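Asks: Let the hints inform the model, and build the full structure from the sequences given.
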Amino acid sequence: MAPQTDPNAEPPLLPHQTAAYLAANKAPSIVAVTVTLSAVSTIFVAARIFTRQKIMGKMHLDDWLVAPSLLFLWTCVVMAIVATQNGNGKHFDTLSLNDKQGSIFWTILGFPFGIVAFGIPKLAVVALLQRLLIPSKWHRIFLWALSILCVAALLGCVVILYAQCSPAESLWNFSITDKTCIDKWVLVDYAIFAGGFSAVTDLYLAVYPAVVLWKLQINIRKKIALCVALGIGSIATVVAIYKCTRLPSLASADFSYDTSDLVVWTVVEAATIIIACCIPVLQPLVDLLFGRRTLNGSSGYQNYGSSSHGRMKSDMELDDSRRDRSENQSHMGTKHTVGSRIRDADVDSQESILRDDDVNTNRRGHGWRKKERDGRIVRTDVVTITYDQGDDDSR
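Under the UniProt record's numbering, the first residue of the sequence shown is numbered 1, with each subsequent residue one higher.
A hint or two may mislead.
[Stated by the list, open to error] Cross-link-like lysine to aspartate or glutamate pairs, in silico, EDC-like; alpha carbons within 20 Å at most:
(1) Lys184 to Asp258
(2) Lys179 to Glu169
(3) Lys184 to Glu169
(4) Lys184 to Asp261
(5) Lys184 to Asp254
Calculated directly from the structure, the hints in this document are not laboratory data.
Computed from a prediction, not measured in an experiment: that's the story for all the values here.
Replies: Now the structure itself:
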């Protein structure tokens, strides 16, 4: 009768297992990096929700998409921490049988949550850009198709991850010997394709608004600020590309040690894109915190004050007194209008960066009312002719 093997017993030492090899442990860095980035992401998401709900008075589709992404991110981090408690971060051949199984189980259990965490924010970015830049019908369809196909491709990684062996439990349960598995490199190759697709999507969503905004005739400083705010997601492109270099670890024999970097970079990518898609909408909160405007400001803008709709106004809204004063001013000439102002709070921080001194806005007739309804960044050429009351000469 064969002797029973203790599943918790340490394996015998091999010649290559030096003291440094045995002491190698990435677990502390895994926990530190993932928890820190997730905490920072939480701050940004909380600030975003506060800005939209308390200051602007209205939540949008992109906000509802970002919030669950944060929950998926934290779930991934919790799984990663549990995996480190089962030996993840250490060399695989130094672990006990139970730790080997636990390390694989918790690591691959966390990957789907991480993938969803950096996939959904792409949809949030599209929702934001659609509302701000008002792309054409076909471009809007393209943006949604691109992001949805990207998320679908990423979810394909999850399918292959769990379907590469039948039964799937055999991936982490070494007692199951009757199993059928495909080549591990099938998953690696597909994951690299999906990661590249994700990088291209992030790049396009960052470059597109920059190209559009750069053509607007506004102050160069504001133009750069807008481009940076909406294009900061390009950082996620760099992260996604680098993460692709870590994907071969999925086929590594030293799974628990080599996949540690992949776990970290999955969290980094998710945190990066979550933070990036929050930054553009935080301008009202930044203004409020730094005291540049107050809740009851009276410098021509009723910044964040109550509107006639019972919501909070953004600083893109002119108060009635200023609008009335503008009505009494006489002027003639061709004006280039960049931007728009509305009476509702359905405006975003990028729009609020466009100040009155940067934008010549037509405030008379149907043109003004139409822009109020639009509430978006637009460009029109307007010819306005007005006459002073009681003045013999017109201008």
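Asks: All hints, please: hold or fail.
Replies: Against the structure, the hints:
{"no.": "1", "hint": "Lys184 to Asp258", "in the structure": "holds (15 Å)"}
{"no.": "2", "hint": "Lys179 to Glu169", "in the structure": "holds (9 Å)"}
{"no.": "3", "hint": "Lys184 to Glu169", "in the structure": "holds (16 Å)"}
{"no.": "4", "hint": "Lys184 to Asp261", "in the structure": "holds (18 Å)"}
{"no.": "5", "hint": "Lys184 to Asp254", "in the structure": "holds (13 Å)"}
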